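Engineer: For chain A, the structure is supplied; the task is to place chain B on it using the hints.
Protein chains: 2
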Amino acid sequence: MLYLNEHDIKEAVSLDEIMDAIEKAFHIYEKDAFFMPDRIHIDKDQNTLLYMPCFSESIFGTKILTLFPDNPKKNEPVTNGLMLLNDRETGKPVCMINGASITAYRTGAVGGVGIRYTSPQNVKNLGVIGTGVQGFYQTLYACKARNFEKVTVFDAYSQKLPEFVLRLQKELPNVEIIAGDSSEEVVKNSDVIITATPSTEPVIPNDKELLKGKHFIAIGSYKPTMHEYPQAIFEIIENLYIDTEFATEESGDIITPLEEGWIKEAQIKPFIDLVNGKKLEEETTLFKSVGMGLFDVVVSELIYTKAKEKGLGQVINL
Amino acid sequence: MLYLNEHDIKEAVSLDEIMDAIEKAFHIYEKDAFFMPDRIHIDKDQNTLLYMPCFSESIFGTKILTLFPDNPKKNEPVTNGLMLLNDRETGKPVCMINGASITAYRTGAVGGVGIRYTSPQNVKNLGVIGTGVQGFYQTLYACKARNFEKVTVFDAYSQKLPEFVLRLQKELPNVEIIAGDSSEEVVKNSDVIITATPSTEPVIPNDKELLKGKHFIAIGSYKPTMHEYPQAIFEIIENLYIDTEFATEESGDIITPLEEGWIKEAQIKPFIDLVNGKKLEEETTLFKSVGMGLFDVVVSELIYTKAKEKGLGQVINL
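Listed in order, the protein sequences are those of chains A and B. Heads up, the first sequence is in the numbering used here, so the first residue is 877 and it goes up one at a time. Heads up, the second sequence is in the numbering used here, so the first residue is 877 and it goes up one at a time.
In case anyone wonders, no lab produced these hints; they're calculated from the structure.
Since the list can't tell identical chains apart, any single copy or any two copies may satisfy a pair.
Cut-off 16 Å, straight-line C-alpha distance, at most; resulting in silico cross-link-like pairs (EDC-like, lysine to aspartate or glutamate):
#1 Lys968 - Glu952
#2 Lys920 - Asp908
#3 Lys968 - Asp946
#4 Lys1084 - Glu1111
#5 Lys950 - Asp963
#6 Lys950 - Glu965
Small disclaimer: the values here were computed from a predicted structure and weren't measured.
Next comes chain A alone, as it looks inside the complex (with noise of 0.2 Å):
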C-alpha cells in the first residue's frame, strides 16, 4: 500500500489536472457510473467521526474524518483523516491519502472548475471571502482557471488577514494580493467573488446593484443552518447551477431561498450542463457546492495513478 501526504499531492499533480479529475467525475456522475451511499455521521460529544464511501467502475474508497471543533485551542486542525482507496476486483487497501488534504484538493478544484465555466474569460479581478484553508485552496485554483491580476481578501472574524495576504501573495507571486476592508469593498473590486466561510449570516452584502454582473462560487454552506448569500443574489441571477442533486437538501443557501420563496425549483440548474457545453449567457452568476464522496474518489485515483508512475509516497508493509 502507497501512503501519500500532501507534498506527494503537489509532486504527483498539477492543479489543472485536479480540475481536470474533477470534470471527469462530474461525467461519471451524469452517467450515474457509480455507487455513493449516503455519509455516514457518527457523534460523540461535539466531536464527529464521518465516513465517505463512494466506488466507482475502476476503484472503491471511504474518506474517514473526524472534525473536533475544539482543535484549535490546542493548535490542532479541526479535521484531520484519511482517505483509503481499495482494488475494486479484491478489496484490498492499495493507498491511503492524507484526508484534509485531499478535502482541500478536491474543494478548491471544483471552484475552480466553477470558474472554468461560470466566468468569462477575460475577467482580472477576483475576491475571496474567507481565509481559512478553502479561502486559500479556492484562490490557488481560482489563479489556474483565469488569469486574474488582482486578488481583494476579506474575513470578518480573523484576525490573521495580514498572515494570509503573505501566504497567498508567497505562492502567487505575479498577483497583486490585497486585503479588503469589508466584503462590500470585495464585491465592488471584483468580477468573480468565492465565499468560503461557515457562516450562518450572509457575507455578500443584500444589494441588488452591488451584486449585478458579478460571478458568484459559493463554497461554505454545507449545512441548512449555514448562509454566505443574501435575498438579492436570488432575485437577480436566472438560475442557480449546483453540483450535486443532495445540495438541495444540505445547504441553507438552497434550502432558505426555496422556502422563502426567492427563487423557483425550476432555476435550480445541474451545473454539468455548463460542463457539458450549454451557452451560458446570464450576466449574474452563481455557482453552489457542497460536495461528494465521488470527487474524492476520483482525484484520489489520478493522484495514486500519477504518484505511482513518479515513484512518490511511502510504500506500507501491510
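Structural biologist: Same frame as chain A, now just chain B:
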C-alpha cells in the same frame, strides 16, 4: 502515525497479554464505559464493505474490512482491511494495524478467554472443527489458556487438512496435532471443542450422550442463517454464555434454539459473570461469541502502546 503489520503484532505482545486485554474489554463492556455505534455494512454486488466504530474512554477507532467472497478464486483472502486508531482528544490518526490480523488475534483471544473461564484446569484434549484462519488462531490461544497435550482437528469441507496440521505442529511443537476423520471423532477425543466454521448446518453430532461433560467454544455463527450446533447441546446445558447482548440478534446458534424452544431466554447469561468470579459448576458448557468493535479497540490500543514502547512498526509521515 504508526503502521503495524502482523509481524509487529507478534513482536509487540504475547497471546496472554491479548487475552488479558479481552478481559479488560469485558469489564469496560460491563461498566458501559464505551460508545459503540452499530456496525455499518455497505453491500455492493456480492461484496461487503464494513465499518466497525468504537469509542473507549482513552481512544477511539474504526475497523474497516472488505469481504470479497470470490477472492479465494484469485488466491486472495476473503477479508482485507485496516484498523484505524484516533487520538481521543483531537481525533488525529495515531495508528493503523492490519485489519485481517487484528481480527484474527482478537477473535482467537476471545475463544481463549472463553476456555479460561469455562473449562477445568486439567483438560488435556482439544478438538477444533474448522481449519480456516480462525481455526488456526483459536488453537494457538487455547494452548496458552490450558496445557493441552493433544489437538484433534477436522473440517468437512477442506482439502487442506494435512497442511493445516503441519502449520499448527510448527507453531506448537510440544503438542500432538492429529487430523480427525469426522466431527464425531473430534468430540469423542476432546474435553474442549472449538467450532470455527461458516456452516449453515450443525457441525457437531446431535447426540446428547456424546456431548455430555464437554466444553464448547462457538465462534463461527455470526449471522441468523449460520448454525454450528444441534438441538442436543441445548437440551443438556444449564446456561448459554454469550459475549455481548446483541449476540441474541446476530447468531443462528442463539436465534434458532430460542425460536424452537430448545432453550429459554432466562438460560442465556452474560459471560462477564464468569470473568467476575461466578463459580461454574456445570457439567457441559457452551460459550458463544459474535465479537464486537470494543474488542478491536481495546486490543489495538494495547498493541499500539507496546509497539511504541518497543520502537516497532513503520512511522508514517502524515
